[in-house]
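Next come the chains, spelled out residue by residue.
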Amino acid sequence: QLQLQESGPGLVKPSETLSLTCTVSGGSIRSSSYYWGWIRQPPGKGLEWIGTIYYSGSTYDNPSLKSRVTISVDTSKNQFSLRLSSVTAADTAVYYCARRQGGYPAPFDPWGQGTLVTVSS
Amino acid sequence: QSALTQPASVSGSPGQSITISCTGTSSDVGGYNYVSWYQQHPGKAPKLMIYDVSNRPSGVSNRFSGSKSVNTASLTISGLQAEDEADYYCSSYTSSNTRVFGGGTKLTVL
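Quick mapping for you: the protein sequence lines, in order, are chains A and B.
According to this note's numbering, the residues represented by the first sequence are 1 to 121, in order.
According to this note's numbering, the residues represented by the second sequence are 1 to 110, in order.
Treat the hints as calculated values from the structure; they're not laboratory data.
The reader is advised that the hints may include incorrect statements.
[Claimed, not checked] With a Cα cut of at most 27 Å, we get these calculated DSSO-like pairs of lysine-lysine:
#, chain 1, residue 1, chain 2, residue 2
1, A, LYS45, B, LYS68
2, A, LYS66, A, LYS13
3, B, LYS106, B, LYS68
4, B, LYS47, B, LYS68
5, B, LYS106, B, LYS44
6, B, LYS47, B, LYS106
7, A, LYS45, A, LYS66
8, A, LYS45, B, LYS106
9, A, LYS13, B, LYS44
10, A, LYS45, B, LYS44
11, A, LYS45, A, LYS13
12, A, LYS45, B, LYS47
[Said to hold, decoys possible] Cβ pair distances, simulated, as ranges:
#, chain 1, residue 1, chain 2, residue 2, range
13, B, SER67, A, LYS13, 45 to 55 Å
14, A, LEU2, B, ALA8, 27 to 37 Å
15, A, SER86, B, ASN97, 18 to 28 Å
16, B, SER67, A, SER32, 28 to 38 Å
17, A, PRO43, B, THR76, 23 to 33 Å
Given the structure is predicted, the values throughout are model-derived calculations rather than measurements.
Think of the CB as a built atom: it goes at the ideal place given N, C-alpha and C, for glycine as much as any other residue.
Just need the whole structure built from these sequences, with the hints factored in.
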C-alpha cells in the first residue's frame with residue numbers, strides 16, 4: 001500500500017526558505033504512471049495547490065506563488081521535495097504531499113498526513 | 001486563478017440527503033469533466049470521494065454521488081450518517097494546466 005510522509009522544519013523565519021521532503025514507500029516514484037504533488041492548507045482555511053512533478057523532473061506550479069516555488073525529485077531516495085522562498089506569515093500552513101495518476105488530469109490520491117509549518121521570528 | 005465557490009456550511013438530519021455546490025467558470029469546472037471532491041475530518045488529510053465529476057473510488061459508499069451542470073458541480077450525500085460530518089472540498093483542472101480548489105463546505109449532521 002502506497003504511503004507518503006512529509007518531513008522538514010516546523011518553524012521557519014520570515015524571508016527565509018521553507019524546505020520539505022516527501023518520502024514515498026510502498027511504490028516507486030520512478031513509475032511512469034504517476035505524478036507527485038504538493039498542496040497546502042492555512043489553519044482554518046481551504047486547500048491550495050502548490051505544484052506537481054513527474055519523475056523525469058518536469059514540473060507544473062501555481063502561478064499565484066510568483067516563482068517562489070521549486071519542486072524537485074530524487075529517484076534514488078524515492079523522495080520529492082518542495083522549496084518555497086521568501087516566506088511570510090501567509091505561508092503558515094499544513095503542507096501535504098500526494099500522488100496522482102498520469103495520462104490525464106487525475107485527482108490527488110492518496111495524500112500524506114501533512115506537516116504544519118509555521119512562519120515566525 | 002480564483003478559488004471555486006462553495007457554500008460555507010450545510011446541514012442535515014440523519015437519513016436525509018444534502019447537496020453541496022461548487023461553482024467555477026468555463027475555464028475550469030465548465031470546461032472539463034475533471035472535477036473531484038474530497039472529505040476532510042478535523043486534523044486529518046483529505047480523502048478522495050468523487051473524481052471525474054461522478055466516479056467513486058473503490059471503497060467509497062454509494063451514498064456519495066456527483067454531477068455537473070454548465071459551470072457548477074454538485075456533491076450529493078444521501079442517507080446522512082453522523083460519520084459524514086466533515087469539511088468537503090471540490091477541485092477542478094483548469095485551462096492553464098493548473099488545479100484549483102473550492103473554499104470548502106462544513107457539513108453538520110444535526
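Each hint tested on the structure:
The suggested pairing of LYS45 of chain A with LYS68 of chain B holds, with an alpha-carbon distance near 25 Å, which does not exceed 27 Å. A threshold of 27 Å between alpha carbons decides the hint, and for LYS66 of chain A with LYS13 of chain A the separation of about 19 Å falls inside it, so the pair holds. Restraint check for LYS106 of chain B and LYS68 of chain B: satisfied, since their Cα atoms lie roughly 20 Å apart, inside the 27 Å limit. With a C-alpha separation of about 20 Å, the suggested pair LYS47 of chain B and LYS68 of chain B falls inside the 27 Å cut-off, and the hint holds.
Pair hint LYS106 of chain B plus LYS44 of chain B holds up; C-alpha atoms about 14 Å apart against a cutoff of 27 Å. A threshold of 27 Å between alpha carbons decides the hint, and for LYS47 of chain B with LYS106 of chain B the separation of about 15 Å falls inside it, so the pair holds. Distance hint between LYS45 of chain A and LYS66 of chain A is fulfilled; the C-alpha atoms sit about 21 Å from each other, no more than 27 Å. The hinted pair formed by LYS45 of chain A and LYS106 of chain B meets the criterion: a straight-line CA distance of about 11 Å does not exceed 27 Å.
Between LYS13 of chain A and LYS44 of chain B the alpha-carbon distance is near 26 Å, which keeps this suggested pair within the 27 Å criterion. Restraint check: the Cα-Cα separation between LYS45 of chain A and LYS44 of chain B comes to about 14 Å, which is no more than 27 Å; the hinted pair holds. Pair hint LYS45 of chain A plus LYS13 of chain A holds up; C-alpha atoms about 21 Å apart against a cutoff of 27 Å. Between LYS45 of chain A and LYS47 of chain B the alpha-carbon distance is near 17 Å, which keeps this suggested pair within the 27 Å criterion.
Between SER67 of chain B and LYS13 of chain A the CB atoms are about 47 Å apart, so this pair conforms to the stated range of 45 to 55 Å. Hint check: LEU2 of chain A to ALA8 of chain B, Cβ distance near 33 Å, so the stated range 27 to 37 Å holds. With their beta carbons about 25 Å apart, SER86 of chain A and ASN97 of chain B fall inside the hinted range of 18 to 28 Å. Between SER67 of chain B and SER32 of chain A the C-beta distance comes to about 33 Å, which sits within the given range of 28 to 38 Å.
Evaluation of the 23 to 33 Å hint for PRO43 of chain A and THR76 of chain B yields a pass: the beta carbon distance comes to about 29 Å.
Violation of the numbered hints given earlier is absent; every hint is satisfied by the structure.
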